[in-house]
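Take a look at the letters that make up each chain.
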Amino acid sequence: MSGRVLVGVKRVIDYAVKIRVKPDNTGVVTDGVKHSMNPFCEIAVEEAVKLKEKKLVKEVVAVSCGPQQSQETIRTALAMGADRGIHVEVSGNDYETLGPLQVSKIMAALAKKEDAQIIILGKQAIDDDCNQTGQMTAALLDWPQGTFASEVTLDGDKIKVVREIDGGLETIKINTPAVLTADLRLNTPRYATLPNIMKAKKKKIANVKPADLGVNLTSKLEVLRVEDPPQRQAGMKVETVEDLVGKLKELGKV
Amino acid sequence: MALREGALGVKMLFCCRTLHKFASFSGARSLSKQVSSQSVSPKPPEVADDHLIYTQEHFALKEALRKLIDQEINPYVDQWEAEGTFPAHKVFKILGNAGFLGVNKPVEYGGLGLDFSYSVAVAEELGSIRCGGIPMAIGVQSDMATPALARFGSDELKKEFLRPSIMGDKVACLGVSEVGAGSDVSSIKTKAVRKGDEYVISGGKMWTTNGTQADWMCLLANTSDGPPHKNKSLICLPMNLPGVHVARKINKIGMWSSDTAEVFFDDVRVPCKNVIGQEGLGFTYQMLQFQEERLWAVANIVTTMDSIIQETINYTRQRKVFQQPVLYHQAVHFRLAELQTEVELLRSLLYRATAMYIKGNDVTKLASMAKLKGGRLARELSDSCLQYWGGMGFTSDVPVSRFYRDSRLMSIGAGADEVMLGIICKYMDTLPRK
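These protein sequence lines map, in sequence, to chains R and F. In terms of the UniProt record's numbering, the first sequence has 43 at position 43, counting the first letter as 1, and numbering is strictly consecutive. In terms of the UniProt record's numbering, the second sequence has 226 at position 226, counting the first letter as 1, and numbering is strictly consecutive.
Just so you know, the hints here were simulated from the structure itself, not pulled from any lab data. Glycine included, each C-beta is placed from N, C-alpha and C at the ideal position.
Just the calculated beta-carbon pair ranges, DEER-fashion: (1) R:185 - F:360: 46 to 52 Å; (2) F:70 - R:91: 29 to 35 Å; (3) F:421 - R:26: 53 to 59 Å.
Turn these sequences into a full structure, and let the hints steer you where they fit.
Structure follows, in structure tokens:
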């Protein structure tokens, strides 16, 4: 086994930023807005680095698909402990329409090229909330998947995954190679320490084009319109249960 | 819209995680308050290639430090301000582990050996801490008590005092000012009399930041009876030696979370080898590090001033007076524009001085000018902004009143305005000739 882990990291608008819709309703404003690594991708990187520190895997490779600035996101992963990075260059219109299906085709191609044993992704990105890339990647590779992982244990050539599901926690055992997606409580990502940030400068980031991997980026989806959610209306206070029922009937809710 | 709600959802989740983690500290802090404590939106990013002195690494450093501050420091600031102290050993250890206490210190002792521009980047980012006391305490640890030791101390001294300070294991303080001597450093009275291979120290120090928690003090004392600029030495003084009395924690009008002590020395015995560098050169060593100290203070306050302006904009945008937001009244938005202009001017001076300094130039004049302007602008800015908060500005619940109190120190500490003016006049050759 190669002992190699591929970790996908996505560059998204920072979670603390107030999102604004573009005046032409074609999307959200991204120019001049602070971006950072998707929080669930941070958790994925942390898990991969932890596995390497426990000597259960040999190499952690951080992958990001996007424009030039995606390299910053890869550098953050390197500063957290990843060994090297792969930047899949996607820009312009291709980047606007890039979605889970194309990314999972890229990840699958890279997994084969790099002979990866495990792929760890965040469970979803905080900009599109798709929660699809991990599942699609596993399907394309015909690999087992452990999604919404809150605990990961390597056991020989199998992985025990505790998953957070609606009803509680589900524990499964899957064969490697496999795809895992990280949920919130999997771990607490480390701070990139200053010495590691400086070391990350020397780590390599390879440049790859989607065409080199044989991936067609054409999207089958078209975004028609992006809007703000409706303004929240003021509520009403009532004195008694009868009043409440009366009001609900008035509004046609019961 | 999945986008916004999703983002909000994760934001809530994140605050949930942070809340859960710090439940023992935050107590009954409500979720919405947690979210709003990070309400000042992240500034739009500056492009690394276009910046005067910062590279990609500087920005990565700032991001990492920002995360650390958001998780480990800012959630507790209100509590520490109320308690009048902060857990220095705990906080410095967290910073030390991440490498932020020894940015420009030698690699052999755990530092990163980077140039001063990285220290300035750290100082700038520390300005996002929501009070003045904690950055001041960190600054003493990383850039005020240790530079002379790093440059001139013996290997043995550096192993015993510098390395643990960089790692965050030992808390440092600086003992220069006294009850009777502040601006006039040469007139300090604390004596270290040589007896065999020990010094016997008697006297006292005032305004000692971190003084109630420090493990060691970088002490300036008279070690001989010579001319006042040539008879002083810097000594590494362990604070647990018999005769060292931390007399009291001083009550100040601001910087509440930073403990400031008055310390007495009652025949304290310390080995002669604890002198940093050469005996008699203490005054010179102390003067050498002032350029860095002053630029550091400016870097720190520039970020804070930016966020006070932004918070004032946020407040006055939603607060209405005479049927429209306070912000819409021309006097208000024009004044804020004036203040922002001055902040940018100061920032430019900071970067210019830093760029020249890392090339090896003497920037004493520019550093003194920046410090002078920093102190005065902070007073002007905090006063003007507080006015626009109205009654709320006068309460303890808002950031602007804390800044008003904290920033007043800048014109006094680390070189009073009058001392800065004297230095500038010396360079302008306008002082009375003898």
